[in-house]
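Trainee: One letter stands for each residue in the lines below.
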Amino acid sequence: MVWNTNLRWRLPVTCLLLQVALVVLFGVFVRYDSDADPHWTNKKMQENFTSDLENEFYYRYPSFQDVHVMIFVGFGFLMTFLQRYGYSSVGFNFLLAAFGIQWALLMQGWFHSYYQGYIHVGVENLINADFCVGSVCVAFGAVLGKVSPVQLLIMTLFQVTLFSVNEYILLSLLEVKDAGGSMTIHTFGAYFGLTVTWILYRPSLQQSKERQSAVYHSDLFAMIGTLFLWMYWPSFNSAVSNHGDAQHRAAINTYCSLAACVLTSVALSSALHKKGKLDMVHIQNATLAGGVAVGTAAEMMLMPYGSLIVGFICGIVSTLGFVYLTPFLEAQLRIQDTCGIHNLHGIPGIIGAIVGAVTASCATSDVYGVNGVAVAFGFDGSKTNWNASMQGKFQAAGLFVSLAMALVGGIIVGIILKLPFWGQPADENCFEDSVYWEVSSRALFPCTKGTLPTSAELGPPRDRKLRVGGQSLHHPAPPSRGCVSLGG
Amino acid sequence: MVWNTNLRWRLPVTCLLLQVALVVLFGVFVRYDSDADPHWTNKKMQENFTSDLENEFYYRYPSFQDVHVMIFVGFGFLMTFLQRYGYSSVGFNFLLAAFGIQWALLMQGWFHSYYQGYIHVGVENLINADFCVGSVCVAFGAVLGKVSPVQLLIMTLFQVTLFSVNEYILLSLLEVKDAGGSMTIHTFGAYFGLTVTWILYRPSLQQSKERQSAVYHSDLFAMIGTLFLWMYWPSFNSAVSNHGDAQHRAAINTYCSLAACVLTSVALSSALHKKGKLDMVHIQNATLAGGVAVGTAAEMMLMPYGSLIVGFICGIVSTLGFVYLTPFLEAQLRIQDTCGIHNLHGIPGIIGAIVGAVTASCATSDVYGVNGVAVAFGFDGSKTNWNASMQGKFQAAGLFVSLAMALVGGIIVGIILKLPFWGQPADENCFEDSVYWEVSSRALFPCTKGTLPTSAELGPPRDRKLRVGGQSLHHPAPPSRGCVSLGG
Amino acid sequence: MVWNTNLRWRLPVTCLLLQVALVVLFGVFVRYDSDADPHWTNKKMQENFTSDLENEFYYRYPSFQDVHVMIFVGFGFLMTFLQRYGYSSVGFNFLLAAFGIQWALLMQGWFHSYYQGYIHVGVENLINADFCVGSVCVAFGAVLGKVSPVQLLIMTLFQVTLFSVNEYILLSLLEVKDAGGSMTIHTFGAYFGLTVTWILYRPSLQQSKERQSAVYHSDLFAMIGTLFLWMYWPSFNSAVSNHGDAQHRAAINTYCSLAACVLTSVALSSALHKKGKLDMVHIQNATLAGGVAVGTAAEMMLMPYGSLIVGFICGIVSTLGFVYLTPFLEAQLRIQDTCGIHNLHGIPGIIGAIVGAVTASCATSDVYGVNGVAVAFGFDGSKTNWNASMQGKFQAAGLFVSLAMALVGGIIVGIILKLPFWGQPADENCFEDSVYWEVSSRALFPCTKGTLPTSAELGPPRDRKLRVGGQSLHHPAPPSRGCVSLGG
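Residue numbers (this note's numbering), protein chains in the order written: chain D, 4 to 491; chain R, 4 to 491; chain H, 4 to 491.
No wet-lab data here; the hints were simulated from the structure. Watch out, some of these pointers could steer you wrong.
The list treats identical chains as one, so a pair stands whether inside a single copy or across any two.
To be verified - Capping the alpha-carbon separation at 30 angstroms, the derived lysine-lysine pairs in DSSO-like fashion look like this: (1) Lys277 <-> Lys386; (2) Lys421 <-> Lys396; (3) Lys278 <-> Lys46; (4) Lys212 <-> Lys278; (5) Lys47 <-> Lys421; (6) Lys386 <-> Lys212; (7) Lys421 <-> Lys278; (8) Lys396 <-> Lys386; (9) Lys386 <-> Lys46; (10) Lys421 <-> Lys277; (11) Lys421 <-> Lys212; (12) Lys386 <-> Lys278; (13) Lys47 <-> Lys277.
Chain D with its partners taken away, still in its complex shape (with noise of 0.2 angstroms):
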């Protein structure tokens, strides 16, 4: 089946109507919390601040950036290891995220930041809205490659919108605590991900299988975006955390895990080759898994061990399912998964929630100290009569709600993803970038631009061709002056 990939109207009015939306809703609902207003110096002498650092800007700003950097060039370059891919993995993550974080600051504003009729933004909303959107670049991983931009923007728009209200469920209504976001981000991110790409299934995916795979560069690229989010991961982790040795604890939690997390992915990387290799496609994205399997207890006391444990169950599931689990989820329930987010986000995610579950149900005093159990979970107002036992039965309880809302949610986008009039690509065409980017044919050539015919460029072919001891080629182009060395 042949779809118009031309976006030339699709594509802008997209975007502008969006955009447009935005400025308007801003314009109504948007300002500046109090921290980020002129008030901050009436709120300082309220509140006897002595100091400006007391400003919330000085505890979150080095984390939000951090965080920022995950989501745009982590999650961008990451997928970049398609060999033709590159344009439209950065490119793309780029533009749903630069959407997606306007939509999140609304939406979670109004769940979590709208007073007196506006929402309040600071700089931890800011945070939030990165959080969200990282789960929207979790979900791209899964379509990777299959859908267009104009597809995306839409996933971006009712992925935002779920993801708040999963969001608020949890974490004002069971009152969970998910500080790296193991349920409300990885889990809900990926599931939603992956029901999305089930709907969106290809039955002929394998006319473009040659370009699903890797260059030698293209995995270079790749390991910028796994490095970044592997050292910032400790910043994802800690940065909505509680002031003062949560934050501090949740750095050293991710720190200790995403670290045994490495060791285990190359053990089993090299285990699992015939001849003991090491795979790119596993130290890109099982090195990471312990990151999302303590997103959720990072902030408790789940000891520098208990970290190294979920890293070290982590490394191992994570790339044993590259290995068999997304081969069997392709081939026998139709979800083709580009980036095996399930194996990365998924079933990490559901570890990380249990992980929260059975550390939050095991917190004692002994560990928290008198009155730490209820400041660390929160036990005042309408919680005063929890026990550490209860939290632990609504972390799981939250884990259930974001499967569902992901579940639901996914098929609900697929089937509105399955319209033919998004501009998708053909099943031949998918994991291209030139269907959506202008790219020049010189653009594959360094220094023999212009010279190896494409398709499109060769008409009759075999005036192209030379033989070379009775062997056809292609062969370069005339040698153009600036291929050659201007001489030493």
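Knowing the structure of chain D, use the given hints to seat chains R and H on it.
Mentor: Positioned in the frame of chain D, the structure of chains R and H alone reads:
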């Protein structure tokens, strides 16, 4: 016309002379400021600081590091899009910035941090030096590929000097607000660079036209630059704002403006292509215009929706500029703007100055609180009788001063750079690394190294060529062991 | 000599054993320190802290993240310059660092953070663990391309142990100052690595000479590493300095030294080339020597001009080292130093130690203020009778201890690594990813796969294998559709 591009004595002598002069001047003039000196202990007592955190270092250092990344990785990699000029883009940017920050510490120091016979430097000076060099990096974008490193050092020497004078006039004499440097950095840098490239006009530049485009991976390298600029721009615009709400607000406004700018850049990029395809040039550049254009107003009460509107407009204007204005400037005004800095820094810089002037002149105590306007705009000391409207007029005056300095300075510096002995490349050798860098001919052909012969290696060329359709061409060389898989 | 490079059991078993041991040791020994534990609330009250900001986390976390980037992206990508060793450079660096930081948390913890039966970890421990691993990354540069990942893990195990002992002797017994680790990290790491590579000397290494050079894009990847190291080095040298002015000063000194170093590296690189061309090797490495050489003195009153002088000298010395010393070491002393760490870490480390000793011995109360010297150098407790001159002598002693530890340790570890069963590559397979990584033969030929024929394709294609020098090897597959543009 052929120049001698052998820099063996010119470049080393220039570098060493400049560096020796800097050492001497630093020895005579530069000392640590009180926050970076053991006298900090006394200051803490005198000012009743309860904590070392009151040291300016903790307010500004995270922002400083972000700005530092923008200057060296952001600008450096943004310019690597050229297929054969990656070494020079990153390397010369590195060189000029490393020189520029030292010279800027002195120049800005004499104007702003000079007392008791010494320049006193602290973290804010480091940020301002980076800012100053940012303006040189902007101008570098206009002359990229057409100048020698010696010319760049000369240009940096003069531009930093002029920048500091202009900055002094704006900030100290006109008492203009320009936290993110829409006027001082972007407008000044862009029009200075455009004037220089206008003076250095090369009528036969089409001789190296083939190297003025990108190749696939060079575009991905450039996206690294784009994204680090985009992500850290909130730090750029807030780095030297007042402590507390001003710094906080500057980050939020910049975040909003940049996000909106991405959507309208994508919209226009697609709408202006006959098949609706996106162009990497726009994604790499126009998406950043929103950061430039809130430079002046970022710390003011621009409001989140105001930021979105600024970003909205700049994405459109900047993309239109790349499509229509740059070719016009080159064809009609003989301004060869390699990176399109007019669209990314020039026009958005002017827009930013106007937005700043309007926002300042609209400041009221309703919005800023009692005394808020005076605090925000520094209406004290000599400015006690100022009001918002006057501030707005001075802001506007600042724009014209910056433009005038850029044009006059650019003409003078352009004429100096036109002198024939700086080692500039011939027209047919522009945009070519191998003029100034040791580039192995192999360097371009992974694994076919040594095979595509360079002119130098060719020797008697005939036996290394073969004929195809009557046309001679170089051909891949004999197999090299290193190139084939070692077997799994 | 041919070794078995199939790591299928050796690598997984090594990784899993080490990680299990770490889990057990963490379980027995590692707990959170008081700033990362719920007891923070008590500590805050006891110490009369008015704010959570007094938590060590807020003083050190931004610096920690910068150091983290240096270790994983900085060192990892710096080594990707080799054309066929990018996966291994980034991937093995990732592996050894992930293991090393865990082991370093234990080793350093036992020496410095052990009380009440537990090691108490906080953000400063994380930074120190990264520092320790930095020294392993340095040594990795010497053996790059010639060892197996199993050897690297063994080396890391021993080197972290030795590092911790050496660090304990220097910091706790000799009470030496070494904030940025000129002695403990760079000198120790470099001479340890050089000794190991000397023991592992490969007389027939020229067999893989062709892969020891860079290709165009691999040099750009390496520049990512260089720039992140360069930009974040001020954080490296200031990360564990005393709060307040010392940390502030360390950042300023490093910034200055690095800037000066760039200019003299460029000057020498050009002056030493017969046509005045620059060499990427020097720009990638020598520009960083200034950061190494202010490591010890960065937090002292070195003065900005003092830092410039240090950087000035190191740029020259380091570039000279690359041009003259490295070839000499290889030819005469049989030291094969792949990355030239002797020039980047060895000599500059020694210079840094000397600069530190001299600066310390010149400390006066004129410069540091009354009590300032005692505060800066910790002349209290057991050192009350010390003076600056004694401190200088102990600093010098620290250098000799580090050198001795490196040489003796390097010999022992080198001999262990020489055992024939660690899966090391044969001489002709050094610097080659495909020994340890699954590398698709296509991976090397983006879209020219099958088109620009490799030697391999030229023969009879049908059996997919061919013979070169009597040896069969896989070859790139037949041309694939994916290579040609899909047309607009």
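Trainee: Decide, hint by hint, whether the structure agrees.
Mentor: To see whether the hints hold, each was checked on the structure:
1. Taking CA atoms no more than 30 angstroms apart as the test, Lys277 paired with Lys386 passes in neither setting, with 55 angstroms inside one copy and 60 angstroms between copies.
2. For the identical chains of this complex, Lys421 and Lys396 are neighbours neither inside a copy (37 angstroms) nor across copies (55 angstroms), given an alpha-carbon limit of 30 angstroms.
3. Taking the shortest Cα distances, Lys278 and Lys46 never come within 30 angstroms of each other, neither inside one copy (65 angstroms) nor across copies (54 angstroms).
4. Within a single copy, Lys212 and Lys278 get their C-alpha atoms as close as 24 angstroms, and across copies as close as 26 angstroms, so both meet the 30 angstroms cut-off.
5. With identical chains, the CA atoms of Lys47 and Lys421 are never at most 30 angstroms apart, being 53 angstroms at best within one copy and 57 angstroms at best between copies.
6. For the identical chains of this complex, Lys386 and Lys212 are neighbours neither inside a copy (54 angstroms) nor across copies (69 angstroms), given an alpha-carbon limit of 30 angstroms.
7. In this assembly of identical chains, Lys421 and Lys278 lie within 30 angstroms of each other by CA distance solely across copies; the values are 23 angstroms between and 42 angstroms within a copy.
8. In this assembly of identical chains, Lys396 and Lys386 lie within 30 angstroms of each other by CA distance solely inside one copy; the values are 14 angstroms within and 56 angstroms between copies.
9. Within a single copy, Lys386 and Lys46 get their C-alpha atoms as close as 28 angstroms, and across copies as close as 27 angstroms, so both meet the 30 angstroms cut-off.
10. For a Cα distance limit of 30 angstroms, the shortest separation of Lys421 from Lys277 across copies, 26 angstroms, qualifies, whereas the shortest one inside one copy, 40 angstroms, does not.
11. With identical chains, the CA atoms of Lys421 and Lys212 are at most 30 angstroms apart within one copy only, with a shortest distance of 21 angstroms there and 44 angstroms across copies.
12. Taking CA atoms no more than 30 angstroms apart as the test, Lys386 paired with Lys278 passes in neither setting, with 56 angstroms inside one copy and 58 angstroms between copies.
13. For a Cα distance limit of 30 angstroms, the shortest separation of Lys47 from Lys277 qualifies neither inside one copy, at 64 angstroms, nor across copies, at 56 angstroms.
Violated hints, in rising order: 1, 2, 3, 5, 6, 12 and 13; the structure is consistent with all others.
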